[in-house]
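Engineer: In case you want the letters, here they are:
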Amino acid sequence: MGRYLIKRSLTLILVLLGVSLLVFGFVRLIPGDPAVVMLGERATPESIERVRAQLGLDKPVYEQYLIFIANALRGDLGTSVLRQEPVTREILRRFPATIELAFGAMIVATFLGIPLGILSAVKRNSWFDASSMVVALTGVSMPIFWLGLMLIFLFAVTLHWLPSGARLDANAQYEPITNLVLLDSLLQANLALFAQGLRHLILPAVALATIPMAIIARMTRSSMLEVLNQDYVRTARAKGLKERSVILRHALRNALLPVITVVGLQVGILLSGAILTETVFSWPGIGRWLVDAIYARDYPIVQGVTLTIAIIFVLINLVVDILYTLVDPRVRLDA
Amino acid sequence: MATTAVAGHRPIDQAINTKPPQGLWVDAWSRLKKNKAAMFGLVLVIGFFALAIFGPMLAPHDPLKIYDGKSFLPPVWSPDFLNPTNKTGDPQFFLGTDSIGRDVLSRLIYGARVSLVVAIVPTIFITILGISLGLFAGYSGGTIDNLLMRFTDIVYSFPDLLFFVVVMFALRDSFLGDWANGLILLFGALAIVNWVGIARVVRGSTLSIKEKEFIEAAHSIGTSDQSIMQRHILPNILSPIIIITAFAVPRLIITEAVLGYLGLGLRPGTSSQEFFVTSWGSLLLEGQTAINAQPWMLLAPAIAVALVVMGFTFLGDGLRDALDPRMKGTG
Amino acid sequence: MQSHRLKLALPLAIFVALLVFAACSAPAAPPVVQTVVVEKVQTGAPVVQTQVVEKIQTSAPVVQTVVVQATAAPAQAPEAFVFGAQGEPVCLDPAVITDGISGRIINQVYEGLVKFDKDTTNPVPALAKSWTTSDDGKEWTFKLQEGVKFHDGTDFNADAVVKNFDYWGNTKNPQHDAQIKAGQTFEYYEAQFGGFDENSIIEKVEAVDPTTVKFTLRQPQGPFLNNLAMFVFVFASPTALEKYGVDTCKNPVGTGPYKFVEWKPNEQVTLDANADYWDKANAPKMNRVIVRNIPNNSARLLALAAGEINALEGMEPRDVAAIKDDPRFKLLLRPTNTTGYLAFNYNVKEFNDPKVRQAFAQAINKKAIVDALYGGTGLVAKELQPPSLWGYNPNITDWAYDTEAAKKLLADAGFANGLSEVTLNGKKVPLELWYMPVSRPYYPNPKDIGTAMAADLAKAGINVSLQTVDWATYLDRRAKGELPLYMLGWTGDNGDPDNFVCYFFCMSADDKPLSREGFVNDKELSDLLKKAASTIDKAERTKMYQESEQMLHDKILRVFIANNQPPLALGANVEGYIPNPTGTEYFNTVQVKAAQ
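Residue numbers (our numbering), protein chains in the order written: chain A, 25 to 359; chain B, 10 to 340; chain C, 897 to 1492.
Next comes chain A alone, as it looks inside the complex (with noise of 0.2 Å):
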C-alpha cells in the first residue's frame, strides 16, 4: 500500500504535467488575441503592443510556458487580465463555493441514489422499480438549465420556501475564513448563518444531483441484481439470514465496486457540469469565472482553474482506487 501510494505520486506529478501543458497549448489554439479582446473595438496596434508584453505574450511559447509553470510551483498562477486579481487568491476565494454545490449535489446524490438503486433490485419489476426508473430518468432527459428554472419557480416563487439563487441572502453578515459557508459558520457558531446557508444550497444541489443520482441508483441495481444470483448470496439466505442483513452485509458490500467507479467519476462530472447549475442559481463558483474568461480570452484564469481541476480530479481518482481495495481486498493495487 504505501508503495503503491509513492508511486501514485509520483505518477501523480507527471500526470498533472502533461495536464499543465495540454491546457497551456490548447488555451492558445483559441483564436483571438487576449489583448484585442481586451482592449475592444477601440484598440489601436500601439495599445496592443503594449497590452501583449505586459501580459508577457511577446515571448515565445515555449518561454511562456516555463514561466507559467515556475510561477505556479510557487503556488502563483498569474494576474487575471481583465481585473488585475491575482488568480491564485481568487481561486482560494471562488473554488470553496463550487466544492460546496458539488459536494451537497454528491450527498444527495449518493444517499438517494443508492438506496434507490437496492430498492428497485430487491423489488424488481415491481412498480417502485419502474417508477423511480421513470423518476431517474426524467432527471436525466431534463437540462439543468430548465430543470433549474423549474425548481426556482416552484420553491422560490411559488412555495417560498427556499431562495432563488446566490450563496446567502442579499443582507447577510459573513466573514469568510475558509470561504465554505456551511463549514464557517459552524466555526464561528453561527446557526443561522449556518440554516441560510444550507437554504441556499438545497436547489442548485438537487438540480446538480440529478444526471449523478440517476446514474448512480441504475448502476446500483443492475450491480445488486448481479450480486443477488450469486451463490454466496443464495447460501446466505439459505442460512435462513434475515433478508435486510442478505443484502446490506453481503451483497451491498459486493455490488459496491461499480458503483464507487461511477461515484468517482461523477464527482469529475459535478465539477465541470456546475457551470450551467451556477449560472441558472447566480452561484459565484469557478464554473461561470471559468466560462466568462474562456469568452474573455483570459489566459491566466483559465489556466488556473483548470489546472486546480485537474489536481482534483486526480485526487479522486486515487480515492476511488484506494476505495476499490477497501471494499475489494481481492483487488491488488501493487500487483
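The hints are all genuine.
Chain B side only, calculated, beta carbon under 10 Å to chain A, not exhaustive: (1) Asn155; (2) Phe178; (3) Phe256; (4) Pro259; (5) Leu316.
The hints are simulated quantities; they were obtained by calculation from the structure and are not laboratory data. Note that beta-carbon positions come from the ideal geometry of N, C-alpha and C, so glycine has one too.
With chain A's structure known, arrange chains B and C on it following the hints.
Structural biologist: Relative to chain A, chains B and C alone:
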C-alpha cells in the same frame, strides 16, 4: 436479423433444456422478446430511428418555413393554463408555432435526425474505444494499466467544457467546422471527451472479475488472453457498459443543447434541402427562453428526449437481463 | 406478465404528468404570491412586533390582538433596493471602464460636472453649478458646488477636478501610467476627447479658484458638454486615487448619494446611503442599494417574482409580453437609444453596386421582424440615429418592403439567378450572414432575427447561410473585414448624433476607410460629419446630421432594422425609477414602498 430470429425462436425456446446451448444472441433474443418493458423500449427506439429516416415524409410542414403573422401560436388543444399569451391556435399546427412562426411539430420531426446522429455516432465510437482500452488496462494490470489509467486521468481531468469551447472556437471556421453545419466537429469533440468514462468503468469491473475462480479456471486450461477477455470477461461486465451507454445517449443530446446555450451549437439550417435542419438540443434551447411565455415549445422536445432515453434504457435493461446466462427462465 | 404493461403505464403517466406540471406551473399565479407577501408582513416587521408586545401586556385576548395589529399596522418599508444585473461589473474606477454594469454602480457612487437629466440626454448641473463658454467654443468655465466632500472626507474643489483630468489624460501622471502598466486603458477618454497629451482636444484644465475650473480646448467640440455628462467622466477622491492606485477598481470613493461598502465577486455589490450627501433635495431615499449578479434571464425574472430583487434589466422579449399585464410587476421601457443594423462589407465586390444593396433593403420585412421578435418594445428603424436624437431626419421615407422589386433590382445588377456567392477581396466565398452569438439591447434575439432575415432574403433570391462565432471572435473578425454581411448595432453613449453617425462614417484622420463602417469609402459623407463635429451651433449641426442621414438613406450604405426600447421590470412597490436612454440611471430617486 430480427425477423430470422423471430422465426426461429420457438423450437429453441422449447428445447432450451435438452439441446446443447444455442448461440448467445439467439438465446438472448428469445428472452428479450418476453420482456414487455424491453419490447416497449425497442418500439420507442425503432420509432426514433424511423422518425429520423422518414422525417421529411412525415412532417406536415417545411420546418424552416416562416408563416408570417402566425408566430407564437399555442396548439389548438392547449389548455388555458399552458397558454399565458391567450392566442388562439391554428389546427394546421398540431404543436403550435415558435417565436418566428415555424411549425413546432415539423421541427421536432426533423430534429430527430440530428439528435439521433449526435447520440449514436459518438456513442458507437465511445463504446468501442472505451471497452477496448478499459478491458485491456484492467486485464493487463501493472504498468500498462497504470499508464493507460494515467492517460485517462489526463483526458478526464481536462474540463469537458473547456475542450468543447476550444475545439469549437478553433475549428469552427475550418472545413471540419463547415461540414454538415458543424456536426462532424461536434461528434469528434463529444467522442473524445466521453470515452474515458466507459474505459474507467470497464477497467474497474474487469479488475474485479479477473480475480474470480472461473477466470483462473480458464487460464489453467490454457485459454488465450484474448479469448478470456472476449468470452469470459466481456459478457460479465456488460451491464455497467449498457447502463453507461444508455445514459450516454441523452447526455449527448443534452450536451448538444448545452453547447447551444453557450453559443457553440450547430448552425441553424437555412434550407430544408439540407440534411440537418435543426436538432432537439436546439429546440430545448429555444424552449428554455420561452418557459414563461410558450411552455409547449419546451414540452415537446423534452418529452421527445425523455421517450428516447426511456426507450434506450428499457431496451438496455432488457438486453442486460437477456444476455445474463443466470437469468434463464426469468424476466 | 399481463400486468407488466400496467406497471409501466402508471409510472409513464407520472413522468408525463411531472413534465407537464413542471412546465405549466411556470406561468405564474398571482394569488399565491400575494398570500406570501402578507406572511412577510407579519413576520418581517420587528417594529410592529414591539408595538404589539406593549399591547399584549394590557389587553386580554392575546392572540387576537397580535393578528389584528400585525396586519393592520403599516408595514415597515424595506431598507434596501436590490437590482438584478446581467453580469459582473468589470471595475469600479470610472476612468478605465466602458461596460454598463460597472457604469450603473459608478453612477450612484460618483458624480461629474454635469449629468444627464432624468430620462433624456440633456446635460444638467451636477457638481458644476453653472458654466459659460467663449464665443469660439474653445474655453469653458465651470462654477462648482460648494461644501461638497468625498466619501472619505476629502474636499471636492477645482483642484480635485484638475487632478482627475490629469489622471485620465496625462500619460506621465503616475497613476495613469500605473494603470497602463497593469494593462488597463482609458478607452472612453481617448474616444471622446481624441487621445492623450497633445492629441487630446482638451489642451488644459486649470483651477482658477477653489470653485472655478477653466477648460481650454484645442478646437471646439460640439458634443463637449454631453461627453462630460457620461458616466466615465466623474470624479474620484484624489486622496483615494493616490492611496489605492490601480486598486481603485475595488475601492471607489466619490461624492455620490450612495457610498461603496463591499463587492463580493460574482455575487453582489453593496452600497449604503451617503448621510452627508450635499444635495439635500435629491438625497437617497433608501438606506442601501444592492446590485446582485444574476446571469440567467429567466432566473432573474423569477427572482423578481419571488421578491428577492426589486428591479431588473435584460428580459427575453417573449417575457415582456407575458408580464405586461401582471399586477406584481411594473414594466418600464428605456427611451430608445439603440439601432440594430445589417452591415455590408465593402470589400465584397457585389456590395459596391447600389442596386444590390437596395435589393437587400427592400427584401427584408422589418415590420414583421419587429412585431414578432421584440416583445412589443421595438420600433422599425429607417436611419442610423434613433428617433430620439436631434440629428434624426423626420423627412426620410424608408425603402418599402417589396420582394418583387428586390428580385428585379437583383436581376438588373446581373444576378437574375439569385445571389448565393460573393467575391471578397478577389476570392469567391459563399454569402454568409453573420448573426451575433449574444443578445444586445438592439438585437434581443439575434439568432431568430437573423433566421427571419435569411428567410426574407431567400424569397428575393438572396441565399445566405447563417453563421456565428463567439462574441470576441465575432468582433475581431468583423474588424479584420472577414465577415461579408453581418448584424451589429449601437447604443448611444452621450446623446449626441456625432456618437452615432461620425463614429461609423468619419474616415480616419488621413481619410482611410475604417473597419467599423465596413470599409466604406465615402469622403463626401465623412467630410460633412467631421465638419459637424467641430461646429458648436446646434441648429447648424442639426442640419448637417439630417443631411448625413439623407445621404445614408440614398446610398443605402447600411440596412437599418430596428430601434429597441430595452425593457426593465420592477416590483409593483418600486417607485421613482427613471430609465435613462444611456442605459445607466441614478438610484437616489428610487424608493421601495412597503408592500400593501
